[in-house]
Amino acid sequence: GAVVSQHPSWVICKSGTSVKIECRSLDFQATTMFWYRQFPKQSLMLMATSNEGSKATYEQGVEKDKFLINHASLTLSTLTVTSAHPEDSSFYICSALINEQYFGPGTRLTVT
Amino acid sequence: KQEVTQIPAALSVPEGENLVLNCSFTDSAIYNLQWFRQDPGKGLTSLLLIQSSQREQTSGRLNASLDKSSGRSTLYIAASQPGDSATYLCAVRTGNQFYFGTGTSLTVIP
Numbered sequence: 524g525a526v527v528s529q530h531p532s533w534v535i536c537k538s539g540t541s542v543k544i545e546c547r548s549l550d551f552q553a554t555t556m557f558w559y560r561q562f563p564k565q566s567l568m569l570m571a572t573s574n575e576g577s578k579a580t581y582e583q584g585v586e587k588d589k590f591l592i593n594h595a596s597l598t599l600s601t602l603t604v605t606s607a608h609p610e611d612s613s614f615y616i617c618s619a620l621i622n623e624q625y626f627g628p629g630t631r632l633t634v635t
Numbered sequence: 082k083q084e085v086t087q088i089p090a091a092l093s094v095p096e097g098e099n100l101v102l103n104c105s106f107t108d109s110a111i112y113n114l115q116w117f118r119q120d121p122g123k124g125l126t127s128l129l130l131i132q133s134s135q136r137e138q139t140s141g142r143l144n145a146s147l148d149k150s151s152g153r154s155t156l157y158i159a160a161s162q163p164g165d166s167a168t169y170l171c172a173v174r175t176g177n178q179f180y181f182g183t184g185t186s187l188t189v190i191p
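Those protein sequences? They're chains F and G, same order as listed.
Sequential numbering of the first sequence, starting at 524, is according to our numbering.
Sequential numbering of the second sequence, starting at 82, is according to our numbering.
Please keep in mind that the hints were generated in silico from the structure rather than gathered at the bench.
Misleading hints may appear alongside valid ones.
[What the hints assert, rightly or not] Here are the simulated EDC-like pairs of lysine to aspartate or glutamate, each with C-alpha atoms no more than 20 Å apart in a straight line: (1) Lys543/F / Glu575/F; (2) Lys543/F / Asp588/F; (3) Lys564/F / Asp148/G; (4) Lys564/F / Asp165/G; (5) Lys149/G / Glu137/G; (6) Lys564/F / Glu137/G; (7) Lys587/F / Glu610/F; (8) Lys123/G / Glu84/G; (9) Lys82/G / Glu582/F; (10) Lys149/G / Glu96/G; (11) Lys149/G / Asp120/G; (12) Lys587/F / Glu545/F; (13) Lys149/G / Glu623/F; (14) Lys82/G / Asp120/G; (15) Lys564/F / Glu623/F; (16) Lys587/F / Glu575/F; (17) Lys537/F / Glu582/F; (18) Lys123/G / Glu586/F; (19) Lys564/F / Glu575/F; (20) Lys537/F / Asp611/F; (21) Lys589/F / Glu545/F; (22) Lys123/G / Asp611/F; (23) Lys123/G / Glu575/F; (24) Lys578/F / Glu545/F.
Since the model is a prediction, treat every value here as computed from it, not as a measurement.
So that you can see chain F by itself, here it is in the shape it has in the complex:
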């Protein structure tokens, strides 16, 4: 089956720094990838749709200048959390779309 990886699986950073999370489709190419955020014991909240070769489409309320998304190739999308704040601490999950969504294992971000 289709495999999606994320790196890192967890990261701790200080307030004000930037963190980059990578999402890779390992055995297939994906024109479209999605980035989600999940708070404890809550469902997934779609942050943005990442389209290869074009600008990401952000959901209402998501700051595009804070959460930078780059989908430079058909197998890689990156999410950069800029000027991280403790409120950005969360579980970030990406998925790649080919007929159905295949999810990465998630990245736990903790901002101190």
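Fit chain G to the supplied structure of chain F, relying on the hints for placement.
Showing chain G alone in chain F's frame:
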């Protein structure tokens, strides 16, 4: 806007019991519906995908049904096992938009 609701929010059953998880959605114009499993601190694992033209899908002890007209899907788990303990999420697709339910946290007691 599509709204997806899952009932119950949490469920605890003894091992061996058959159980049903429910998912309802407000807009019946869906492309497909997917059931996922999520273990604590992990990503989502796809369990079953039902296209809008289908009524049900089966995989092992899992059976998912879809009634588009009433906006409902059920996930039936037969002979539950402790390893089935996880959070189960349903998601409906409309175009390239995906809407997730709030999840059902399942605990199977040995």
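Outcome of the hint check:
The straight-line distance between the Cα atoms of Lys543/F and Glu575/F is roughly 18 Å, inside the 20 Å bound, and the hint therefore holds. Our distance criterion of 20 Å between C-alpha atoms is met by Lys543/F and Asp588/F, whose separation comes to about 14 Å. Between the alpha carbons of Lys564/F and Asp148/G the distance comes to roughly 28 Å, so the proposed pair goes past 20 Å and is violated. This hinted pair checks out: Lys564/F and Asp165/G have alpha carbons roughly 18 Å apart, not beyond 20 Å.
The suggested pairing of Lys149/G with Glu137/G holds, with an alpha-carbon distance near 11 Å, which does not exceed 20 Å. With a CA separation close to 28 Å, the supplied pair Lys564/F and Glu137/G exceeds the 20 Å bound. Between Lys587/F and Glu610/F, the direct Cα distance comes to roughly 16 Å. Compliance with the 20 Å bound is thereby established for this hinted pair. Among the hinted pairs, Lys123/G with Glu84/G is inconsistent with the structure: their alpha-carbon atoms are about 24 Å apart, more than 20 Å.
For the suggested pair Lys82/G and Glu582/F, the alpha carbons sit about 13 Å apart, so the restraint of at most 20 Å is met. Distance hint between Lys149/G and Glu96/G is unfulfilled; the C-alpha atoms sit about 31 Å from each other, more than 20 Å. Pair hint Lys149/G plus Asp120/G does not hold up; C-alpha atoms about 28 Å apart against a cutoff of 20 Å. The hinted pair formed by Lys587/F and Glu545/F meets the criterion: a straight-line CA distance of about 17 Å does not exceed 20 Å.
Distance check on the hinted pair: Lys149/G and Glu623/F sit about 19 Å apart at the alpha-carbon level, within 20 Å; holds. Restraint check for Lys82/G and Asp120/G: the C-alpha separation of about 28 Å exceeds 20 Å, so the hint is violated. For the suggested pair Lys564/F and Glu623/F, the alpha carbons sit about 24 Å apart, so the restraint of at most 20 Å is broken. About 17 Å separates the Cα atoms of Lys587/F and Glu575/F, which keeps this hinted pair within 20 Å; it holds.
Simply put, Lys537/F and Glu582/F have alpha-carbon atoms about 26 Å apart, too far for the 20 Å limit, and the pair is violated. With a C-alpha separation of about 25 Å, the suggested pairing of Lys123/G with Glu586/F is violated against the 20 Å cut-off. Annotation: proposed proximity of Lys564/F to Glu575/F is violated, straight-line Cα distance about 31 Å (limit 20 Å). For the suggested pair Lys537/F and Asp611/F, the alpha carbons sit about 11 Å apart, so the restraint of at most 20 Å is met.
Taking the CA atoms of Lys589/F and Glu545/F, the gap is about 16 Å. The hint holds against a cut of 20 Å. Restraint check for Lys123/G and Asp611/F: the C-alpha separation of about 18 Å stays at or below 20 Å, so the hint holds. Between Lys123/G and Glu575/F the CA atoms are separated by roughly 26 Å; this puts the pair beyond 20 Å, and the hint is violated. Restraint check for Lys578/F and Glu545/F: the C-alpha separation of about 17 Å stays at or below 20 Å, so the hint holds.
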